[in-house]
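**Q** Let the sequences and hints guide you as you build the complete structure.
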Amino acid sequence: NAGVTQTPKFQVLKTGQSMTLQCAQDMNHNSMYWYRQDPGMGLRLIYYSASEGTTDKGEVPNGYNVSRLNKREFSLRLESAAPSQTSVYFCASSEMGHNEQFFGPGTRLTVL
Amino acid sequence: AQKVTQAQTEISVVEKEDVTLDCVYETRDTTYYLFWYKQPPSGELVFLIRRNSFDEQNEISGRYSWNFQKSTSSFNFTITASQVVDSAVYFCALPKNYGGSQGNLIFGKGTKLSVKP
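Line by line, the protein sequences are chains A and D. To get my numbering, take the position in the first sequence, counting from 1, and add 17. To get my numbering, take the position in the second sequence, counting from 1, and add 989.
If you're looking for bench data, these hints aren't it; they were derived computationally from the structure. Cβ coordinates follow ideal geometry from the N, Cα and C atoms, glycine included. Warning: the hint list may mix true and false statements.
Pairs of lysine-lysine, BS3-like flavour, derived with a Cα cap of 27 Å [what the hints assert, rightly or not]: (1) A/88 <-> D/1085; (2) A/74 <-> D/992; (3) A/26 <-> D/1098; (4) D/1098 <-> A/74; (5) D/1085 <-> A/74; (6) A/88 <-> A/26; (7) D/1098 <-> D/1027; (8) D/1027 <-> D/1005; (9) D/1101 <-> D/1085; (10) D/1059 <-> D/1085; (11) D/1098 <-> D/1059; (12) D/1101 <-> D/1059; (13) D/1059 <-> D/992; (14) D/1027 <-> D/1105; (15) D/1027 <-> A/26; (16) D/1101 <-> A/26; (17) D/1005 <-> D/1101; (18) D/1098 <-> D/1085; (19) A/74 <-> A/26; (20) A/74 <-> D/1027; (21) D/992 <-> D/1027; (22) D/1027 <-> D/1085; (23) A/31 <-> A/74; (24) D/1005 <-> D/1105.
Which residues of chain A face chain D? A few of them, derived with a C-beta cut under 7 Å, are [unchecked claim]: (25) 59; (26) 60; (27) 62; (28) 75; (29) 117; (30) 120; (31) 122.
**A** Okay, here's the thing in structure tokens:
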């Protein structure tokens, strides 16, 4: 099992460009999450999907959209990237809400 | 509101020393889970332990042990005989809403542990 996979691993964007971060899990988990990690801030939740077909905002959703394409895949889209979105993005999944979450390797995004 | 505080920003020890990482939490839930994660220099997040609030027994796994005290809202993590490979950032986390089972974790800001040879 690959666990949680994310693409790309690294990305550099110019202000105003758009991109989609892809995430997939092969553990048949119901819940999936997107976090961002910034120095000194820990991890903060952007969006989550408690189950296939549902998505909800987390702590810092502004500037992002998500799609739960199917049970396996949960994508994060930046419509118009801003330098404040420079961060490391982690996708995670869990069987149910209160179970442990398993994280992908992260995407390091720089917006110039 | 749910909150996790890791007051120690950085700790530096010499190999073979014991080290304790502190975690203090706030929650309105009567039943909840607590988690510890490790983030080594390579950047991935590794799940270490999940503890149910019903169970206050200490957990031991090899050189790792966890002390959960509901009375003081603390869930501390001790590494015995630390090794260089233990160098990482360690995060304590609490689900935002157990009752709703939404699962979004509230993370502390992490403690960076450096173990020197």
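**Q** So, against the hints stated earlier in the document, which numbers end up violated here?
**A** No hint contradicted; all consistent.
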